[in-house]
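S.K.: Single-letter residue listing:
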Amino acid sequence: MSLTARRFGMSLVYLLLILMVLITVLPLYWMISTSLKTPTDVFSYPPKMIPSTLEWGNFANAWDMAPWGRYFVNTALYTACTVLGVLLSSVTSGYAFAKLSFKGRNSLFLAYVGTMMIPSQVTIIPVYMILAKMNWVDTYAGLIVPGLTSAFGCFLMRQFIAGIPTEIIESGLIDGAGHLKILRSIVSPLLYPAVATLGIFTFMGAWNNFFWPLVVTNSDELRTVQIGLSSFQNQYGTADWGSMMAAATLVSLPVLVLFFFAQRYFIEGIAMTGVKG
Amino acid sequence: MKTIRRLLGKDAVVAWTLLAPNVIWTAVFTLFALYYSIYLSFQEVDVFSGHNRFLGFANYTDSFADPLFGKSLWQTAVFTACSVPLSMAFGLLVATLMNGRIKGRAWMRASFFLPSILPIIAIAQVWRWIYEPSYGLLNFTLEKLGITSPEHPVQWLMSTKTAMLAVIVFAIWKGFGYIMVIYLAALQGISRSLYEAAEIDGANPVQKFWSITVPGLRPATFFILITSVSGAFQTFGEIYSLTNGGPVNSTNMIAYYIYQYAFQFFKIGRGAAVSVILFLLLFALTIWQWRMYQRTEE
Chain A
1 MSLTARRFGM SLVYLLLILM VLITVLPLYW MISTSLKTPT DVFSYPPKMI PSTLEWGNFA
61 NAWDMAPWGR YFVNTALYTA CTVLGVLLSS VTSGYAFAKL SFKGRNSLFL AYVGTMMIPS
121 QVTIIPVYMI LAKMNWVDTY AGLIVPGLTS AFGCFLMRQF IAGIPTEIIE SGLIDGAGHL
181 KILRSIVSPL LYPAVATLGI FTFMGAWNNF FWPLVVTNSD ELRTVQIGLS SFQNQYGTAD
241 WGSMMAAATL VSLPVLVLFF FAQRYFIEGI AMTGVKG
Chain B
278 MKTIRRLLGK DAVVAWTLLA PNVIWTAVFT LFALYYSIYL SFQEVDVFSG HNRFLGFANY
338 TDSFADPLFG KSLWQTAVFT ACSVPLSMAF GLLVATLMNG RIKGRAWMRA SFFLPSILPI
398 IAIAQVWRWI YEPSYGLLNF TLEKLGITSP EHPVQWLMST KTAMLAVIVF AIWKGFGYIM
458 VIYLAALQGI SRSLYEAAEI DGANPVQKFW SITVPGLRPA TFFILITSVS GAFQTFGEIY
518 SLTNGGPVNS TNMIAYYIYQ YAFQFFKIGR GAAVSVILFL LLFALTIWQW RMYQRTEE
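Read top to bottom, the protein sequences are chains A and B. Residues in the first sequence are numbered consecutively from 1, following the numbering used here. Residues in the second sequence are numbered consecutively from 278, following the numbering used here.
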């Protein structure tokens, strides 16, 4: 290929990529820009891409229209407990599967990984019924407890810990340390990247989770931000797009901030599960 | 202690202690739940009194007799058959374009990935507005380009003819970035020397793509296919937030159907029966895909 043909080809690639990037981020841009528009800007036709003035009042309006403080506290509690539970149980179970010797280890691991194939749509009704029997429907316990362990998390940790040299663990045993101590003081510090990846995934999953809180909670006091946003939309419909988009922006903000600072872990984590898994 | 070690292995005690939470949770919330789901599917369940009545196969026969069940199953298949291959094609296209020496790749990759991390309720609201017939962005753009006329705006989510298409476009937009990331990682795992050898033999870019790239991506493709098909069959948030299954059930899909029966009409047994059918269907599909993969691998 000649140089000019190659240059032409590359410009075409860039053009295509930039066009696709613009289309991809447009809805997000539209959400944020509308959250800062005055009602006149919102309904102007042709649509206004850039707000003529920044109307921060939409955020105050949206905030006053629903108990968002409560929703955010609920979501923070649900997310924090889920992340903590999943990280702890995944590190301990991952360590057991990777480094401890006991009968039936490999077949148990395979079976456990196999349970990931059982769709959550199939277990959600019976889990709801189990919780109903325990009087846990519409409680924090019902919302939080079923999601405290994760087969995916265990799998990720097991793969990561298996890559840590066994000699490190053996030398710890020779020094007289038990497995719990070795896990706490020798192995855990080495797990930082894997813990970050799993922590971020779990955070995202819990913060964005919509289906489970929708099924298991009823009362306004227990709503998470996603359910709150959904009922907010149903209640106020399309009357006040500025406030509606302000609320949507607020609910998305934690995830966006996390993604902005920790995108490397997102991308690496997905690449890891996809290519090795 | 010694006998336990001899019978169950050297580290059995500490291992089972560390595994206990995962084992107990899976036993209750996955395995028992699966069994319980099957049990419930044969019952008429009164959620409020807690009394059950054995129905035999009635929940199953009622489902199969319900035209909406067939319709939602068919629509799930249509949705899957369109959204999965197209998302994969877009993901692969973008990954291939970005695989060379591209300036600003990290930013582009992040942008393409962005839709998949956004909360669906928040961003679906934006799309409902984009799809709005009279002042939405999409019709505005199409009219500016002269593709549609302002006298007959496309109704998108409000018409039985276009609602499914609109849902599929949304799902592709939301999902292709995730696929792209996996493909990009897999592309970088293909050895450069294979391409160099092919160049020496005089292969053109298209030949290189089909004879080196595509086979090199097979494991990633298989992984993406299995997870995407399973995900597409369980599509719920898209429907709940965009259309509520409408108009006239034209976007009702199996997961939404289950939700309606179990948690809106409180026919738990009926919902459980359909979820068991969904499970069997997905199980069979997965096995089938796996065998196809094995066969072509040989």
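Think of the hints as simulated: they come from the structure by calculation, not from any bench. Hints should not be assumed to be uniformly reliable.
Stated by the list, open to error - Pairs of lysine-lysine, PhoX-like flavour, derived with a Cα cap of 20 Å:
(1) B:Lys348 / B:Lys438
(2) A:Lys103 / B:Lys279
(3) B:Lys421 / A:Lys48
(4) A:Lys133 / B:Lys438
(5) B:Lys438 / A:Lys181
(6) A:Lys103 / B:Lys287
The structure presented is a predicted model; accordingly, all values stated were derived computationally and were not measured.
S.K.: Next step is simple, just say for each hint if it's right about the structure.
M.R.: These are the hints, each one checked on the structure:
For the hint linking B:Lys348 to B:Lys438, the alpha-carbon distance of about 15 Å falls within 20 Å, and the restraint holds. Pair hint A:Lys103 plus B:Lys279 holds up; C-alpha atoms about 14 Å apart against a cutoff of 20 Å. For the suggested pair B:Lys421 and A:Lys48, the alpha carbons sit about 14 Å apart, so the restraint of at most 20 Å is met. Distance hint between A:Lys133 and B:Lys438 is unfulfilled; the C-alpha atoms sit about 44 Å from each other, more than 20 Å.
Taking the CA atoms of B:Lys438 and A:Lys181, the gap is about 63 Å. The hint is violated against a cut of 20 Å. Taking the CA atoms of A:Lys103 and B:Lys287, the gap is near 9 Å; set against the 20 Å cutoff, the hint holds.
Hints 4, 5 from the list above are not met by this structure, while the remaining hints are.
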